[in-house]
Amino acid sequence: DTGVSQDPRHKITKRGQNVTFRCDPISEHNRLYWYRQTLGQGPEFLTYFQNEAQLEKSRLLSDRFSAERPKGSFSTLEIQRTEQGDSAMYLCASSFQTVTTGELFFGEGSRLTVL
Amino acid sequence: KQEVTQIPAALSVPEGENLVLNCSFTDSAIYNLQWFRQDPGKGLTSLLLIQSSQREQTSGRLNASLDKSSGRSTLYIAASQPGDSATYLCATVGGSEKLVFGKGTKLTVNP
Chain H
1 DTGVSQDPRH
11 KITKRGQNVT
21 FRCDPISEHN
31 RLYWYRQTLG
41 QGPEFLTYFQ
51 NEAQLEKSRL
61 LSDRFSAERP
71 KGSFSTLEIQ
81 RTEQGDSAMY
91 LCASSFQTVT
101 TGELFFGEGS
111 RLTVL
Chain V
116 KQEVTQIPAA
126 LSVPEGENLV
136 LNCSFTDSAI
146 YNLQWFRQDP
156 GKGLTSLLLI
166 QSSQREQTSG
176 RLNASLDKSS
186 GRSTLYIAAS
196 QPGDSATYLC
206 ATVGGSEKLV
216 FGKGTKLTVN
226 P
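Protein chains in written order, with the working numbering: chain H, 1 to 115; chain V, 116 to 226.
Check each hint, because a few of them may be wrong.
As a list, the in silico EDC-like pairs of lysine to aspartate or glutamate whose alpha-carbon atoms are at most 20 Å apart [unchecked claim]:
hint, chain 1, residue 1, chain 2, residue 2
1, V, K218, H, D86
2, H, K57, V, E212
3, V, K157, H, E44
4, H, K57, V, E118
5, H, K57, H, D86
6, V, K157, H, E108
7, H, K71, H, E28
8, V, K157, V, D199
9, V, K116, V, E212
10, H, K11, H, E83
11, V, K218, V, D199
12, V, K116, H, E56
13, V, K221, H, E44
14, V, K157, H, D24
15, V, K157, H, D86
16, V, K218, V, D142
17, V, K157, H, E103
18, H, K57, H, E68
19, V, K218, H, E44
No lab work stands behind these hints, which were simulated from the structure alone.
One chain only, chain H, in its complex shape:
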């Protein structure tokens, strides 16, 4: 068990470019979450999948953001037409149980810098 894996760990891009992040959850976990964390702040919820179904989305997830989990395993988070305000750490987490009863396991994050 290698834990939650995220790729790439760092991404520097120019404003207006598209970026995609990948998350591989712990293998037996059917729940997958994306959070965003800016400097000096706590993580903010973006979206949640149970298997391949996207069940909850934050208002933070604008039209430029899209997340998928096509086969209920890995997930991708794509940001189109990046803006400087998108610069943040994007954290993926997974769990076997609902977070109302069980722990959440986070990956190391993907840090995005938009120039």
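Chain V: place on chain H using the hints.
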């Protein structure tokens, strides 16, 4: 809307000291409260999870308490060590799959 506050924002202590980190929340209708540790530039590591029906949880030198009625939780660290230096975040879970985090307390333990 749930708001989670952590005080102090930063704390510096000498090695060996016992310390308490505070977390307060505005909506007491929570399922649980979780404490995490975050090292610089890294992801979050779960430390303790307290269900709403529990008063406290312990793991090694860590003890977390929960008082739902007053909207408060504390994380007690005994005999602090330099390796405990990190940012500590608390998060509440309400009626959805979303965790609501505080901004964290940055702890520095000086040798």
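Task: Holds or violated: K218 of chain V to D199 of chain V, with C-alpha atoms at most 20 Å apart - done: Given pair K218 of chain V, D199 of chain V holds - Cα atoms ~18 Å apart, limit 20 Å.
Open item on the list: Does D24 of chain H sit within 20 Å of K157 of chain V, going by the straight-line distance between their CA atoms?
Closed with: holds (16 Å)
Open item on the list: Would the hint linking K157 of chain V and E103 of chain H be met if the CA-CA limit is 20 Å?
Closed with: holds (18 Å)
- [ ] Please work out if K57 of chain H and E118 of chain V have their alpha carbons no farther apart than 20 Å.
- [x] holds (19 Å)
Task: K157 of chain V paired with E108 of chain H [C-alpha distance capped at 20 Å] - done: holds (5 Å)
TODO: For the pair supplied as a hint, K71 of chain H and E28 of chain H, confirm whether the alpha-carbon distance does not exceed 20 Å.
DONE: holds (13 Å)
Task: Given pair status - E68 of chain H, K57 of chain H, alpha carbons within 20 Å - done: Given pair K57 of chain H, E68 of chain H holds - Cα atoms ~12 Å apart, limit 20 Å.
Open item on the list: Checking one constraint from the list: CA of K11 of chain H to CA of E83 of chain H, max 20 Å. Satisfied?
Closed with: holds (14 Å)
Open item on the list: Hinted pair, alpha-carbon criterion (20 Å max): K116 of chain V, E212 of chain V. Please report holds or violated.
Closed with: OK: K116 of chain V and E212 of chain V at ~15 Å, within 20 Å.
- [ ] Starting from K157 of chain V, check that the Cα of E44 of chain H is at most 20 Å away, please.
- [x] holds (16 Å)
Open item on the list: Tell me if the straight-line CA distance from K218 of chain V to E44 of chain H falls inside 20 Å.
Closed with: Since the Cα atoms of K218 of chain V and E44 of chain H sit roughly 10 Å apart, the hinted pair holds (cutoff 20 Å).
TODO: Verify the proposed pairing of K157 of chain V with D86 of chain H, using a straight-line Cα cut of 20 Å.
DONE: Holds - the C-alpha atoms of D86 of chain H and K157 of chain V are around 18 Å apart, at most 20 Å.
Hint violations for this structure: none, all hints satisfied.
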